[in-house]
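Protein chains in written order, with numbering that gives the first Met the number 0: chain A, 0 to 186; chain B, 0 to 777.
To be clear, the hints were calculated from the coordinates, so they are not data collected in a lab.
One should not assume that every hint holds.
[To be verified] Restraint ranges, calculated between C-beta atoms of paired labels, are given here:
no.: 1; chain 1: B; residue 1: Arg-552; chain 2: A; residue 2: Glu-154; range: 19 to 25 Å
no.: 2; chain 1: B; residue 1: Ala-596; chain 2: A; residue 2: Glu-83; range: 18 to 24 Å
no.: 3; chain 1: B; residue 1: Met-586; chain 2: A; residue 2: Ser-26; range: 50 to 56 Å
no.: 4; chain 1: A; residue 1: Gly-86; chain 2: B; residue 2: Ala-621; range: 35 to 41 Å
no.: 5; chain 1: A; residue 1: Asn-124; chain 2: B; residue 2: Ala-621; range: 19 to 25 Å
no.: 6; chain 1: B; residue 1: Arg-541; chain 2: A; residue 2: Asp-101; range: 56 to 62 Å
no.: 7; chain 1: B; residue 1: Met-562; chain 2: A; residue 2: Val-3; range: 55 to 61 Å
no.: 8; chain 1: B; residue 1: Leu-532; chain 2: A; residue 2: Glu-154; range: 24 to 30 Å
[Unchecked claim] Straight-line C-alpha distance at most 16 Å; calculated EDC-like pairs for lysine to aspartate or glutamate:
no.: 9; chain 1: A; residue 1: Lys-119; chain 2: B; residue 2: Glu-569
no.: 10; chain 1: B; residue 1: Lys-619; chain 2: A; residue 2: Glu-154
no.: 11; chain 1: A; residue 1: Lys-30; chain 2: A; residue 2: Glu-8
These figures come from a predicted structure and were not determined experimentally.
Glycine included, every Cβ here is placed at the ideal spot set by N, Cα and C.
Here are the chains, one letter per residue:
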Amino acid sequence: MKSVYTTGEVAHICKVSQQTVIRCFDSGRLKGFRVPGSKFRRIPRDSLIHFMKENEIPLDNLETGKKRVLVVDDDEAIIDMFVELLGRDGRFEVRTAQTGFDAGLEANDFRPDIMLLDYKLPDINGNRVCRTIRANPTLEHMKIIIISGVADPDEVNGLKTAGADDFIKKPFDINGVIARVAELVGA
Amino acid sequence: MSVLTARPSSGDSQRDSSRVESPAGQQQRVEMILAQIDQLPTLPTIALRVLEATQSSTSALKAVAELISTDPSLTARILALVRRAHVGVRADYLTVLRAVVLLGLETVRSAVLSIKVFDTFSALEPGEGAAFDRTEFWKHSFAVACAARQLTSQAPKGSAARRISPEQAFIAGLLHDLGKIALDACLPKSYARVVKVAAARRVCLCDLEREFFGVDHMVVGRRLALRWKLPSYVPDVCWLHHHPIDALPASIQFPGHIAVVHLADQWVRRQRLGYSGHIDFQPLAPLAEKAGVDERLLDELMAPLIEQVEQQCAVVGLGEVSTVKLYNRALADANEELSRLNLALTQTSRRLHVRTRGVDAVAQFTGRLSVTDDLLDVCRAAASSWRELLSAPLSAVFVCPPRWGSQLCTMAWEAADRAGSDVFPLPGDCVPRATTETRPIEPPAWSQLILEHCRMRNGNGDDQSAINDPQSPREWRMLPIVHGGELLGGVCFTVSAESPAAEERDESTDESLLAALGLALAGAISRADAGRLHEELATAHRQLRQAQDQLLRTRSLSMIAEMAAGAAHELNNPLAVISGRAQMLAMQFADPQDRQAVEVIHEQAVRCSQIVTELMAFAKPASPSPARVALSALLQPILRQWLDSCPLSAAQLTWHVADPAVTIYADISQVTTILDALIANALQATRPETARVHVNSLSRGSDETVVISVEDNGVGMTPEVAEHALDPFFSYRPAGRGRGLGLSKAHRLSEINGGRLWLESTPGKGTTVWVELPARPR
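So that you can see chain B by itself, here it is in the shape it has in the complex (with noise of 0.2 Å):
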């Protein structure tokens, strides 16, 4: 039963808070529950008027019958008690005063108290919590009463049991717990506390009411009996049915009753018939010698009282299945309990299949992964897992990582027979808003998104039947997934209503697939971010090193520059001194012959002047002062000037500028310095007589940049001297013609200019070089 169950600790803590009352509190708390106990309703007055009917006589079971007649229920239990004891009766014939007459005065006193008693209490009923068994308890009540009317009634003539009326006995039994029924109608929550912690702790019952309630059962029965001005053996066998016989005071008027109803009680203790919340059994036999019974007679002395106990229950209609039906329905109570815990069972069973399941995707998702995997990999095998774990007609994984600025996205996805993925930026409406929280997030341009090109990579608009299949409309979900509380992408996913996985879906499953998701897709971007880096680290090097060229070119240049200006200085003044005496000399000379030999040492020593100034010019040479001027308008007096004082003829040196549109912006005098140089260089490298050059400019209107390039069919260069072609000072033609700084100083002035120049040269086919200027300021 279930008050066996209880924990013994919930009425430790129920007394120990009752103990901390003060006396007087204590005495308060009676009195509230004798006042309680006094606002149960009275008994109804038909049963004190049939109990008060004491004489058989024909007028009183007249009047009794009359009063049972006024009450139509009572009426009806009293004919259908008739027609269970006898048989024959024939239901036309049957009269409430003929069944008062059949059944006798006593059967029926006992029969309408046990009614209205049981009635009186039925309205009290209490609701749930309660655990005081109702049935039991009446059951016991009647057992007790029946026990006691037949130990009255069959006990040995002479004995002190056989003094007194078994409908007496009867009544006295039927009511003696009579204060439990109270207080379990006035307290029946406490009560049941009660009786659960007796249970548990397999104490008495009394004394733990008393502890509870300061009061207990047989001084509520009691008081309750004088209230309901019941007979008045009723109040002391309500008052000391658990009081030893021998230990009653003298003044008590019904001992008798006392003991038969005391050894009744434990008899029917005993034999289980019931349950009054007492559990424990006192030794019967000097009950029974109390009483003037043989204990060994007892047994059988009790033998019809089941039978009667039932038919009293009947009376009532009180556990009105015969023990055939109790079996059936305790087999039915058992097998509902059985398919119950069979149902949580295969709930139980289904959970774990899902759970299964997602460590199954897990498993399987990790195993498409290795260590090198890119984030479209992982995108890729998570999409797989996915709609493989949810039988998915398509999924889609995406991820645009926040640290990436969340505008790029890669996403593959995944349908019955095709598989694709996809890098694209992110329209600025679609970005997912940062979100930690595991739950779906709703994007409806987002699903509009992935359709879009899961339908784009699906090759032909037209053919969308794996993916937007109109008869069987599935709807779209998106789970995001979280990686150290950042969002960094999510899953989205079709759900179709034949999909049989759909259902078998489980939180849990979900979340540690996602979760695993989450770790794949941060692993793969920490990859990413370290790959992204090795490649910065890679040009930040490439880049330093050619600043640290270019570093070492302008040092070295710096270093020439100021060597220069030193040595302008240094051989300017004797230049000056020997050119200046060479001259006066000239003019002292008569001889023209030697007038022209001093005139070639002053000419010397001016050339001696220039090449230190041409020196100084590369090295340092004058900031540029650019303008913006068309190529052609800048080309054209620079090749006629050429044409005039060169051998080549117009046929021989050409030029040509595709876009007329085209202009330049640079240091005029400068770009004019290095297209002479260009020029000079290509027609060194010629011979007059076939010597093909050709300046050209491929450039349009609209390029940032002008590309000219000026090339000859010259000698052409060896690899080794067009890798030095561009330094100061070097020159593959022989020593002496020509100091070889045309092409470093052109070089040099495209350099500042903010231009650039390179060459190609081909030995015996020819060089040409190109020399790359901005075309408008930047």
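The shape of chain A in the complex, shown without the other chains (with noise of 0.2 Å):
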């Protein structure tokens, strides 16, 4: 878990221009420091969660300390049992989407550190998600585990190169996948 962060970390969790931050900074409502020998701003967290609270602002998105984790899958008791599991195990934030839209959308403001995408979804392939996530340059750390109950080898050998780090097949053992998404987020 971060201390210290940055007037462009600060933008990003508060959702302002890093100007605002600046401007709150150098008139004294957002405290904090210069860093010695240069004129880099520096603000601890515990001023930044004060000036966010004393402005309303919502603490979602100030870094918890948990791998976020994005759970993919059209059918709503697979995602209500990864739900319930991950947020047992308490290293992982989940969020989830019933489609390939929802998904991508997800990852762009989410910024998951990995996925967990089933192969059929009701409008777009899994593997034409995967391939348009490893498009995007922003979502590059993201890892991506396949988890289809498709059984065709052919198939399971395109997802692959399609960009998926990993398949899992359903019906799968559940610690054997807590442990592989740890694994792969270095949670």
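Put the complex together from the two separate chains, hints included.
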């Protein structure tokens, strides 16, 4: 968990411009310090939380220290199970999407560390989602695990070349899935 | 006579062609003919000199005798005349002068003239193609001469005829048709035509002569007589001997001569003494009256005429044959003609006989055939018929239809005491080249080949008596069999010198049998083609049926694959939830019993998922990636693993590979799956304590495929079960034990690896499953 933030990081967390953050820092409304020997501004975590509460800014974007996991599946039962499973573990922050389109939006907004992607989606095929995400450079660090009931070995090989980091066949061993997710994101 | 057989049409065309000439052209033609007449040789001086000797004084006789002596041939003939007329004359006494004296100047004169005129024209005897009969002509001339002499010498005293010198009458009669012989000498072919046409159309010769030549023989005769400087009555007689006496111009000096010759000519024509070319007759009465002779006396008057004519003919060496001899000759001629006819008849009969043989051979040949005969049957019948037709020691009929590439030869042969047939491929140099001509072909390589085949089929090579007897050298002949412009094959046969029928062969006989052969062979070829087509159709039908079955199977497999893929996704999602929730529950339960219960839920969900996956793998297996491995290297680890995991001992589960060099070319993991399935199947069918499972391969390293068998001594299958043993989800085991995909999966995998799988089973004895796979890349 971070203890000191740059003005850019504060701007991202508070969803305001960096200029606004600098102005608040210089006016003394946002408490902080300059790096000794330079004019770089630094804001400690406590003063940031105080500033956000004072100005009624949601604390959602403030890093919780958990790994962000996006679960994409059209089957609600699967989603519920993953939310419960990953939430109970404590190391993960989970968001979900039921279509390929939602998956794309959430990926941009939530910036997940890893995505658990069902191969067969109602709108877009899994390998297409895979390829689209891999084409976006800002998401290049995101890991992708395909989780599917598909048994065709030729199709599985095709998914791996589309950019997936791993393939897990349904039904699966839950401990095996958690271990593989933690391994990939370094949690 | 031949002149009577001429066709009138030829004369007509000739006449027509002459008619188109203009008057000027015709005049020119007449001049040309007359110029040609002028070029005829002149009468020898000797004849003229003899004619000039008018007085029969001793000096004149001596002069004539001397003249005659200068000509040896004339001398001989005059002496012969004397010997004939005066039989008692002794040869050694006979001199020319004595002969002249004995014969009298008049006789000598006419004899000399006859001889010389005859000789002159004999030198100009036309060659082939001339139809004007010179011999008959001279006979006629001598007959008229003699008749005229007879008339003038024997006519009643005081009559007009009596006033004319008999010798002059003789000469006038002899030369009256001088023009005819002159025309014949100058224009032999044309004159022959004139004579023929005149005879055929029964018209006067003179008219036709004028039509053809523009001049008649009278004008020509007068002209020649003048040129030859013959006594002046001769030109007149030549010119006017056909002229009506009453109409003779007053200026004519010798009407009496003319009248006598006219009468003599007509009388001679009636007697048919010789032939002058004239076939028309005029009434004798007015002519006889003019000559002062009673017509009724004429026959009596002329009685000695025939003898006289013969004598005259003898003088010139003409017709020296007696009547008897003539008769004999006529008989001989008739005989000759008869024998010629007989010969022609014999030849025709032989030809007909040969043809009949040909027709018989064709009939016999067709009699041997039936509509169901194949090519070889037809060849056999043909070889037999051909041999019989020719009485040939050996005959062979071969067919190599060009439609079949001319590469395959069907041959049948027949010899005196044996026969055979053969079908063999042709060496390239022996394939007959296409020809449509029906003529003998000369393929030395062929006859050798046929000979070799006959010899070979004859049993042992030493016994060649029927085929190749050096004592009777035979000639090989070959005739092509052609039908519809296509060379189908040929007839090969030997001809021996002693073969009697060889000479009786006729090309038409050969051709008729060859044509029949061609037709029959073409029919047999068509039948063979039709049969072949039928077989091909049946094969195609069978293949189509198999392809249909295969298609149906592939279709149902792809349907299964699609269904399995759908099921996999649809089932695996809930199964994932079931198993996932069960696992989560298990973690929460503290009670081990509760935990075990939810773990069972998890396991069964996974098992359900596995069934779907297996079905998917069966319907749509992964594409094989073949590699070549040694069979023993492949088998060893599989068997070892089974020995480790199953209750069977090494004595119960055995394996044997006959040739260690045997390799297999297939997807190794899939072959492993196949063998695993087969061994599992065998183990399931047996009881562990008595089980015997043997994996065996008898294939050789050189084989294209490898056959592996897995044999067990298990319960075996009934035929009904064996029939469905390869169907997916079919199992003869009680429900719930195994999924029944093993054999069908093995079957499917061996197929996609280019192999096949089949089994044999006896209830109570056991089952053997064979799998065949490629040994090397194809």
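Hint numbers not upheld by this structure, sorted from lowest to highest
8
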